[in-house]
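K.L.:
Please dock the two separately framed chains into a single complex, following the hints provided.
Here is how the chains run, residue by residue.
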Amino acid sequence: MIQSTGNNFGAGVITFKDYQSEHEIVLNGSFEYLDTTDAYKKADVLEIYLPDLRLSRSAISGCYCAAKGPYAWMGTTAKCWIKNRNTLCIEKLDVWTDRPERKIWIFALFGLRGFHDLQVTHETLKTPQLAQSELLGYVRNKYFYANEHFMLLAFTFSELTFNKPYEKIDIVTNADEDFPEDVDAVVPFVTCQCDNKPGCAIIEGRFKDCALLLSGVPEAMSYGTGYVPFFYAWLVRDGGSGPAPDVDGRIRILVTSQIQGSVRYTYIYKVDMDLVDGRVILNGRMTFNLNSNREAYFTVPSIPDGTPSCDAFLLAKNGNEDLHSFGLVEVSLNTQLGAKSIKLINVNNEPYFYGIAKDTGVCATLEFE
Amino acid sequence: MIALPSIAFEGFSGSAKGVTARRVGGRNILSVRSYPTGYVTVAQVVRRSALSKISKAYKNLTDDQMKAWEQLAEHTAGASVFGQKAKLSAHNLFVRLNTNRAYCGESILLEAAPASIVAIPAVDFTDFCISENCVMFIGVPDPEGELKLVAKMSDGQSSGVSNAWGKTVIISPDKVPDWGEIDLTDAFKAVMGHSPINGQKYFVELYWIDPVTGFTGVPVQVSWICQDGSAHTGRAMAKRTTFKNSDIVDNENKFITDLDVEFAQGSTIVTADIKYDATKHNVQEALCDITKAAYDRAGKKFTSVMLGRSNGNGGYMPHFFNMYTYDWGSQYRFVCAKRGGMWGKIGEVFGTSLTFEFVN
Chain A
1 MIQSTGNNFG AGVITFKDYQ SEHEIVLNGS FEYLDTTDAY KKADVLEIYL
51 PDLRLSRSAI SGCYCAAKGP YAWMGTTAKC WIKNRNTLCI EKLDVWTDRP
101 ERKIWIFALF GLRGFHDLQV THETLKTPQL AQSELLGYVR NKYFYANEHF
151 MLLAFTFSEL TFNKPYEKID IVTNADEDFP EDVDAVVPFV TCQCDNKPGC
201 AIIEGRFKDC ALLLSGVPEA MSYGTGYVPF FYAWLVRDGG SGPAPDVDGR
251 IRILVTSQIQ GSVRYTYIYK VDMDLVDGRV ILNGRMTFNL NSNREAYFTV
301 PSIPDGTPSC DAFLLAKNGN EDLHSFGLVE VSLNTQLGAK SIKLINVNNE
351 PYFYGIAKDT GVCATLEFE
Chain B
1 MIALPSIAFE GFSGSAKGVT ARRVGGRNIL SVRSYPTGYV TVAQVVRRSA
51 LSKISKAYKN LTDDQMKAWE QLAEHTAGAS VFGQKAKLSA HNLFVRLNTN
101 RAYCGESILL EAAPASIVAI PAVDFTDFCI SENCVMFIGV PDPEGELKLV
151 AKMSDGQSSG VSNAWGKTVI ISPDKVPDWG EIDLTDAFKA VMGHSPINGQ
201 KYFVELYWID PVTGFTGVPV QVSWICQDGS AHTGRAMAKR TTFKNSDIVD
251 NENKFITDLD VEFAQGSTIV TADIKYDATK HNVQEALCDI TKAAYDRAGK
301 KFTSVMLGRS NGNGGYMPHF FNMYTYDWGS QYRFVCAKRG GMWGKIGEVF
351 GTSLTFEFVN
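Chains as they are written, first to last, in our numbering: chain A, 1 to 369; chain B, 1 to 360.
In isolation and in its complexed conformation, chain B is listed as follows (with noise of 0.2 Å):
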């Protein structure tokens, strides 16, 4: 905004090519349009389609329900300006705790306030890496209860700039850990369009939310200069070495419908959640080629076993599996095959076993 004591605009208000003039307190205040410059994200387009239309049902609640929403205000306090905490109206909190919940997808308004107020914790980690190939917290405890965790990150900014939390926009608003571990680097990615860049600093918000009330926790901020070592440890850290849904390749050998698959690196252990339809196969086995990526991120192929079962139309019956890799020309292919049991074509494999050299 600027204000300008001219005498060309005295008594002169209204707007013409992005420029607003009126009148305030016997001053002229000229302003100019202002267009937002960050990146859109999809929380932030969840939040001002929401913001409206939560806004305008506040009018429609219920004596009773306002009179709950006025006695919950009373006990909130809003952002902290110049140390004294700002009071909310009931109004303000009802669209602050609704549109809380747009973000982690809760549909349904929340008419009713909540009872009292809900005490969110703060996010805790051990260590956390921003590296051009991961962008990630471990060390996650599970939250009490159904919490989902909010990240709002910047893009790169110069390594000497000390502030630029206003600069960060929610990049993933619904993430609970796995494992204690919290990976930002996809949301990252969709977000900004291109991964972290090496020597640039990255501001970073995490804060858990509850979708069942809308109330938050008190944001954790960290800020770090992009770089291959974790913050803590120094040590360089890499996503974890997993068979997904998204290293199934898309052909006429996809009989797997849930690849999950985890190599628990150093202890040779590997773990399986697999479901399988292997209907229009003529082999007793669920396989899938997998990407080469995929492949590799093994690091050779492997073999194990591990027990399954068919689905209640192949009558549970009780399989083990023999699980392998191996590369097929130009193809990379992960197999359950079928060793013990009566085959059922649909059905899972699922344990825990050891990784084993492959054996020809």
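For reference, chain A alone in the conformation it holds in the complex (with noise of 0.2 Å):
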């Protein structure tokens, strides 16, 4: 986190969460200010004073500002950019002159140019498989991007017009592989809800526990094509992969990957369980190979203390891509007597079940030592 020790618009003090390093620097937060100050009105570009950054001067970035109107913050993106070690500047859009309460969200990576002599290199971008706790549109466009210091997750709703959708709260969650969960952050959605005024409707959610929780979120103007709706941000983790602190009662059970012995095809991979909400739902995501035995053992040192003893069924898809199939497998984690054990169960009549679940259950004979 960093605190600026000043601006030249107005605004008190600013917070962001922050990534630096020597050729990125990711900043998040938000703040308010009004247009009617003096100090405001004198500035030619927003300036922010923040303690020495790793960079000392970026190039352009985009960032999102907006006037309060009557029904929501209405606005647009903005440029922004590091002027030095200790300046952060945006450009100074005032194209609001009737509404007074405005608000920036700097949710940007910012970077360098004047490199001479490396070669281009790229990342790798995921597609993500975006599940939603309500149908608010079709998502689309899906960009997701992760490393162990920041994210990326652009997308877009389309004829995000159904079912009154002001009164819906919507989870936006990866289905092929969780977000991280070690951010934590109220962001900006951009809705295509005008009023005749610069810009559209600008409405906030949260990123949190491995998601995007959306509420509030306005019809789009028009289902014809051109009002998209979207979401984009770049994202600070915060580092680790620990449970989030202040879920009461979590327990979480990682394991990495594990043979059954000596027994070929036998194994566990990519374990991670969640035992919720009073212990008694198991949320798992695992990959697994049951071929040659229908039960497998696995010892797992890691399991915490105090976990209860208990069974749930989990449903799981045929790993093989060739197999649109799917099957049930027991878990049964055993900690009774000192033992951590964790048994998956081949339930299906199939023999071999080599599967992928993605699943919440309810756990049965739940039993604490």
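Quick caveat, the hints were computed from the structure, so don't treat them as lab data. Treat the hints with care, as some may be off.
Only pairs whose alpha carbons sit at most 27 Å apart, straight line, appear in this in silico DSS-like list of lysine-lysine [as the list claims (entries may be wrong)]:
1. A:317 with A:270
2. B:301 with A:142
3. B:175 with B:239
4. B:280 with A:197
Just a few of them, taken from the derived set where beta-carbon distance is under 7 Å, the chain B residues facing chain A [unchecked claim]:
5. 267
6. 268
7. 305
8. 316
9. 339
10. 350
Note that CB positions come from ideal geometry on N, CA and C, so glycine has one too.
P.N.:
Here you go:
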């Protein structure tokens, strides 16, 4: 976190969550101010003064700025850049003359220019399968990238006009793999609702616990092409892969890879289980192979103390891409008498089961030590 | 000039066929008319055409203005001759500063003398390269104020030549550092008509000029034999990987009016500041065809995502774009396809993002 030491447009202290390296900086934060202050009127460019940044300057980046309208923040995108090690500049986009309350969201990546002697390299972008708890619209144009320090998520909603969306709360998650769980930010979401003033409505959602939560999303203006609400943000990760600290009673079990003894074709790989909600609900995300035996035991020393013994059934799709089938796997956690093990049981008629489970089940035979 | 104690020319003076004879101090002096042998640069043309005008303008100054120039001249030294700096006259100072300003495109004459002598720093840099592909200085700090950099270069000399500073000509009068870089590649080629040649020696002189007052800094001089590596690190130095307006193919697919994209090699960062006018395009995208050289420059086709917005007439609608390149037969295309927001046909694409492998 970094805090501003001042600014030239009359805002208060501004706090950014930051990631800084030799080549890039990611800043996350938002702040409000009034366009009626003398300081704002005098400023040609909005400047925020910060403690020493890693970069002495940056190329142009993008942020969101808005003025408070009768129903929502109405805004657009603006340019921002690092002018020197202590100054973040934001384009002064003064197009809402009768709306004095202003807000800026910075969820931006800042980088350099001027490199000469290195080759251009590329990252790998993912196209995630985004799932919604409520069908507010069709999710399209999905872009997701994450490294250990920050992530990028961008997507659009098309035809955001169904079922009185104002009343809905939508939770957007990644069905392929979880979004990083160490991101917590109140983020802007660009709708396409307009009021004949510059820009369109920007509402706030929250990215937390691997999901984007949106509420009060207004209807878009039209079905027509071109009216496409969107989300675009560079988000700083807090670091570490432990459980979120504010989830009381959560138990998490992580296993990277394990083979059952010397038995070939019987292994678990990437197990990630949560026992939540009074430890009755088990959420599991795991890849396993039960091709040699119907049952397999795995000793997992990392099972936290106090974890109850329990059983649960999880749905799993067949990991072989050619087979569009699914099955049920029984997960049995044993912590009785000091044991720490997981048993997976193939409860299908098919003898071979190489599966990927992403499911939440109710724990049966819950027994505390 | 040739001085001949010839009796034949005793008492003779005048010019004939490029030879001028005159009698000075009891000696006959014969001089042959000289012709410029070097390259005439744009800056030299400006200087020569402005010189007469500026010189005459001094006579039209008011008495107070002349007095101010005289006072300033008293504190200004001319070129050093045998270790003793020559004094500049007020007239010479007026001409010198105003011709310097003319270099930088300042058309209005500076009639009032600057209040004081302006101290101009010397040009600083961390490395430079004179190769067949690249004449470039890097690590040049941004100067205080609005200084511009004047670059003088000689054409190629034999590698054994140790002094050819008199053969330097101005190849660029008004450079400003672009991310610490002074790129003289195109300027050299435009003035000399060719690129540097490996093995030949080049003499370079750099100094800052203040276009407001006309004062210049102390020139920094370097000489270097043209070769692939840079002077300090020895590594090959190439021009930055960018897409600029000069990379746009002027055809019916030109919907980008200002193209400025740069790849920060090694860090996967890409930055963009693009203006588009897609009024005559039926698709919600800004695109243009680029040259194969530009397409190849970025290594291979890539994809990225950027923010943007429509202009005022389009209601400042926020956009997000998918920015990518692809080849279409013999055409190489740069596209900013609008993905999010309400499409405005005229607008901007800007921001910093990462370059990603192109995925169909």
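K.L.:
Against each hint, give a clear statement of whether it holds in the structure.
P.N.:
Hints, verified against the model:
1. A:317 with A:270: Between residue 317 of chain A and residue 270 of chain A the Cα gap is close to 15 Å, so the pair holds against 27 Å.
2. B:301 with A:142: It holds: about 19 Å lies between the C-alpha atoms, which stays within 27 Å.
3. B:175 with B:239: holds, 16 Å
4. B:280 with A:197: Since the Cα atoms of residue 280 of chain B and residue 197 of chain A sit roughly 25 Å apart, the hinted pair holds (cutoff 27 Å).
5. 267: Check passed: Cβ of residue 267 of chain B comes within 4 Å of chain A, closer than 7 Å.
6. 268: Where the cut-off is 7 Å and the nearest Cβ of chain A is about 5 Å from residue 268 of chain B, the hint holds.
7. 305: Cβ of residue 305 of chain B sits 5 Å from chain A, so the hint holds.
8. 316: Hint holds; residue 316 of chain B Cβ to chain A Cβ min 4 Å, cut 7 Å.
9. 339: Holds - the Cβ of residue 339 of chain B comes within 7 Å of chain A, reaching about 4 Å at its closest.
10. 350: Hint on residue 350 of chain B: holds, closest Cβ of chain A at ~5 Å, below 7 Å.
Hint violations for this structure: none, all hints satisfied.
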